[in-house]
Amino acid sequence: MRGIGLGGILITALAHLFPQRFRSRFADEIVATYLDRRDALLDNHTIAHGSRLLRATTLTISTSMNLISSAIAERYQRSRRQRQRRRPRIRIWQEPMIKTFFTDSRQALRTLSKQPGYVAVAVLTLALGIGANTAVFSVLNSVILSPLPYPESDRLIRIYNSWEGSPDFSRNYLSGYDFPRFRDGVQGFETVAVMYTYRETGRDLTGDGAAQRVKALHVSSGYFETYRATPLFGRTFTREEEHGDARLAILSYRLWRNYTNEDPDILGKTIDLDGDAHKVIAVMRPSFLDVVGGDVDLWVPQDLQSERNSRGNHYLTGIARLGPGVTVEQAQAQIDAVQAQLAEEAPGSYEEQRVDLHPLYEDVVGTTSTTLFILWGASGLVLLIACVNVANLSLARSVGRTKEMAIRTALGSGRGRLVGQLLTESVVVAAVGGVAGSLLAYWGVKTLLAISPESLARAEEVAFDPTLLGFAIAATVITGLLFGAAPAIHSINVAPNESLRDGTRGNSGTKRGRNIRSVLVAAQVSLALVLLIGAGLLIRSFLSLRHLDLGIDAENVATFEVHLPTARYPTGEDRIQFHLALQDRLRALPNVTAVGAASWLPASGMYNSWGYGYFDEAGERQWLPAQIRTVEGDYTEALGIQLLRGRTFEPTDNLDADRVALVNEALAKRLYGERNPLGEVFTFGSGEWTVIGVVSDVAHEARGEFGPRVYLTHSQFGTNRNWALTYIVKTSTPARDFYNLARRELVSMDGSLVLYQPRTMDDVLGRQIAKDKFVLILMAVFATVALSLAAVGIYGVLSYSVNQRVHEIGIRMALGARATQVRGIVVGQAAMVAGLGMTAGLVGAYGLSRFMQSLLFDVTVTDPVVFGGVPALLAVVAFVAGYLPARRATRIDPMVALRRE
Amino acid sequence: MSHKSNKINDFLPISPLDFQVLLLLQHEPRHGYGIVHAGEELFPSEPPLEIGSLYRIVGRMLDSGLIREVDPPPESPRDARRRRFYQTTELGVAVARAEAARMHALLESPQATELLHG
Chain A
33 MRGIGLGGIL
43 ITALAHLFPQ
53 RFRSRFADEI
63 VATYLDRRDA
73 LLDNHTIAHG
83 SRLLRATTLT
93 ISTSMNLISS
103 AIAERYQRSR
113 RQRQRRRPRI
123 RIWQEPMIKT
133 FFTDSRQALR
143 TLSKQPGYVA
153 VAVLTLALGI
163 GANTAVFSVL
173 NSVILSPLPY
183 PESDRLIRIY
193 NSWEGSPDFS
203 RNYLSGYDFP
213 RFRDGVQGFE
223 TVAVMYTYRE
233 TGRDLTGDGA
243 AQRVKALHVS
253 SGYFETYRAT
263 PLFGRTFTRE
273 EEHGDARLAI
283 LSYRLWRNYT
293 NEDPDILGKT
303 IDLDGDAHKV
313 IAVMRPSFLD
323 VVGGDVDLWV
333 PQDLQSERNS
343 RGNHYLTGIA
353 RLGPGVTVEQ
363 AQAQIDAVQA
373 QLAEEAPGSY
383 EEQRVDLHPL
393 YEDVVGTTST
403 TLFILWGASG
413 LVLLIACVNV
423 ANLSLARSVG
433 RTKEMAIRTA
443 LGSGRGRLVG
453 QLLTESVVVA
463 AVGGVAGSLL
473 AYWGVKTLLA
483 ISPESLARAE
493 EVAFDPTLLG
503 FAIAATVITG
513 LLFGAAPAIH
523 SINVAPNESL
533 RDGTRGNSGT
543 KRGRNIRSVL
553 VAAQVSLALV
563 LLIGAGLLIR
573 SFLSLRHLDL
583 GIDAENVATF
593 EVHLPTARYP
603 TGEDRIQFHL
613 ALQDRLRALP
623 NVTAVGAASW
633 LPASGMYNSW
643 GYGYFDEAGE
653 RQWLPAQIRT
663 VEGDYTEALG
673 IQLLRGRTFE
683 PTDNLDADRV
693 ALVNEALAKR
703 LYGERNPLGE
713 VFTFGSGEWT
723 VIGVVSDVAH
733 EARGEFGPRV
743 YLTHSQFGTN
753 RNWALTYIVK
763 TSTPARDFYN
773 LARRELVSMD
783 GSLVLYQPRT
793 MDDVLGRQIA
803 KDKFVLILMA
813 VFATVALSLA
823 AVGIYGVLSY
833 SVNQRVHEIG
843 IRMALGARAT
853 QVRGIVVGQA
863 AMVAGLGMTA
873 GLVGAYGLSR
883 FMQSLLFDVT
893 VTDPVVFGGV
903 PALLAVVAFV
913 AGYLPARRAT
923 RIDPMVALRR
933 E
Chain B
10 MSHKSNKIND
20 FLPISPLDFQ
30 VLLLLQHEPR
40 HGYGIVHAGE
50 ELFPSEPPLE
60 IGSLYRIVGR
70 MLDSGLIREV
80 DPPPESPRDA
90 RRRRFYQTTE
100 LGVAVARAEA
110 ARMHALLESP
120 QATELLHG
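For the protein sequence lines, the chains are A and B, in the order given.
In this note's numbering, each residue carries its 1-based index in the first sequence increased by 32.
In this note's numbering, each residue carries its 1-based index in the second sequence increased by 9.
Just so you know, the hints here were simulated from the structure itself, not pulled from any lab data.
Check each hint, because a few of them may be wrong.
Said to hold, decoys possible - Covered by chain B, according to a simulated footprint, are these stretches of chain A (three or more residues, beta-carbon under 8 Å):
| id | stretch |
| --- | --- |
| 1 | 53-62 |
| 2 | 94-101 |
| 3 | 340-353 |
Owing to the predicted nature of the structure, the values given are computational and were not obtained by experimental measurement.
We treat Cβ as the ideally placed atom computed from N, Cα and C, and that holds for glycine.
Please construct the entire structure, taking both the sequences and the accompanying hints into account.
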């Protein structure tokens, strides 16, 4: 017989892995058997020595592995056997599963109907958590996370012209001169196209009945091909049709349906646009949507041949599809080469100009993403708070049921049946909450879309997403199960008599249980505080935005657009005469105090930005990018813009007089300093203009961006192009009733004209801050939900704790404690929980608030009012939530409380 | 009888390893290594009995009365190593027989015959 050896030691050690009983029975034998086998191998002289050693090693390894797995299996099986032994082995009739489910559901409904408070709070929590989240997630998912609705959309890019060092021109348009060169010169583009998104894309669709204003988009050939969109029927535009005389139109599905009644023979027929017959060559599919050009009614060819397409006239929006495998960098290098060539051909014309390619996805989603990610974070916090609330509720309920479970186990309920019962209860609550949440989500998406500003990119595509709903339901239900069923399942494992012995309260009153719940509520308070501070900052920001001085007086100002079709008003003189006559008619209307018009309203964003040519002190020619507005009539009076120097336009400033202009204060200060700018001559477009007046600044945008601005009069500049003028009419009474009268005047002058987009100036400004308002509303909703849930949490924990301590409070009162002292105990507990949560919340909010910087206007992220006021509000809510149970505690009758044991 | 057959049927089917051990201990008592060794010799096509698994089976069968511990046969080696000998009980034999009959019936079925003989 050989010795025990290394292998023997190993096997002896491993035998200790088995449970005690097994070990004492078999450990020695296991080792002996192993040694016997090993010896038999080593003593087998029919095989070579080396081979014998190898086999012995293999035996040791395989035996070791087997001992480990057997020991685990034995331990697991032992615990199973023990559980089985505890319960008498009775063969019970097995109910069919479906029947069990119904029995359990009925039982669950019966149990739950006795606890309407719990059910209401749980369902409300679930509904809010699920609903709010799914709604915001749906918007987020459609707008940000989903790729653009085109095949291989990652190959789509946007082409910008940019002027170095000029933020005004950082993402500028392309010229109709350069574009064909890019189209031919950049091999990396599979297709490339331009569209005229600039403005004046409305057309009057005349025909049967009243004229109708439709949105038309001028596009080059290759436009539909770039998006890989094919028509429902018909053909797209060709290169040969990129000229001003191509009277062709491609209808959107919507216009084809509404205007032509789905005329199947529409191809080849004509429609009248601005009084001009256009031949319909195609109808697009209903699914086609242009995320750049927007929702339009029809497409017409872009003129790329007329002299309007000069090098300097940048007015086209470029998009392209990269060839397969071509990177943005490669295409950029190719377009740079073409650009360099262009610059070489016309020295001086392309100085400081660059062409930039941007992936379309980034371009479209752009600034929307910060907003939505913050909302996403906020909705995540709400979901978290909801989960904490559900956890808290479930925890309270399940520990309270330890005794019930013990009794049922003692009466012979199977473990599986009890777990099934608990699961069914959770599922029933979750189902009700889920249904309520889904309804809320569905309604939420609709509401979000209804209140969402036009500026929210791709809002057209937002749809209710069932997977997200599933996500939210899963999150809350799993939380419920985890915190609800887990303690209960655990309690089943506790021997029933232990639970039953444990006083009258089961495990529920243990300090540990209370601590867990208090920590959960503190967490809830801290999360709510983060949300409230976020909402607070947005409210402050919105208020300062609201009260921002934009340099205009919008009170009782009505606006509307008038577009004169070039077909019937071909010359500048015709259009100037028409507008002057219309102004006179409007001035004669009752309550009208001033009538003006402008090519673009203030605070509505950048529009025409041209180079203001002047000579600096050294006599060098310089250019300053300035916003140009073509105005008419009493523009400054109608908007309350102040004349600081010189004079405004007069009727004598017409085509026969010298060209004159107004500049704003910002431009005057920047270029002329303290000098008097009146009489200064500058170059603008192709002409020279003399400054006759200086007016106060008005904001370019609703966020109060002021900058250099030049005003020209339509009476002199109306020949430059067919300006679409927006009328600005100041009335002495609120402007609403004014539109009917104005429309009558317009139609009496020309029956086929449309009074387009009637809006009060307040409305116009409101639209500009609509996005801020949208974010604000969402955050406010989230914050309110969070606050309510936190209040429910505090209230729940405290009233539960008061219930548990009735006996103790009774003794205290019997011993002479006063009501205020008793209240102090309970409110003190509330204060501790809330204080703990708020401290953590303030730290969290401070850390997170910096991410909101880009959304805030004129408010620092650590605004003291918000960081002081919000915790105070939360403290008040916490106090109220704590006070109610506290008051109940003082009403406890000591005699009743003491007898309750 | 019916009570007894009920008890036997409660064990069926038994795992291949259990069946092997019952068969090996049917006619003569064996100790641990004896079982492993005999298994390797008599059922070379079956997977080898690993020691940990073997003693779990032994423990279970002892508990359920399918095998019992018996005195070492007089010719067994006497050394320091502790070896215990086991033999199949009457119940164990009955269970093994029932299992064999069960498998036999299964193998006799036309479907199995077709599988085996094409």
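Results of checking the hints against the structure:
Counting residues of the stretch 53-62 of chain A whose C-beta lies closer than 8 Å to any C-beta of chain B gives 6; at least three are required, and the coverage claim holds. Here's how the stretch 94-101 of chain A fares: 6 of its residues keep a CB closer than 8 Å to some CB of chain B, so the rule of at least three is met and the hint holds. Counting residues of the stretch 340-353 of chain A whose C-beta sits closer than 8 Å to any C-beta of chain B gives 0, which falls short of three, so the coverage hint is violated.
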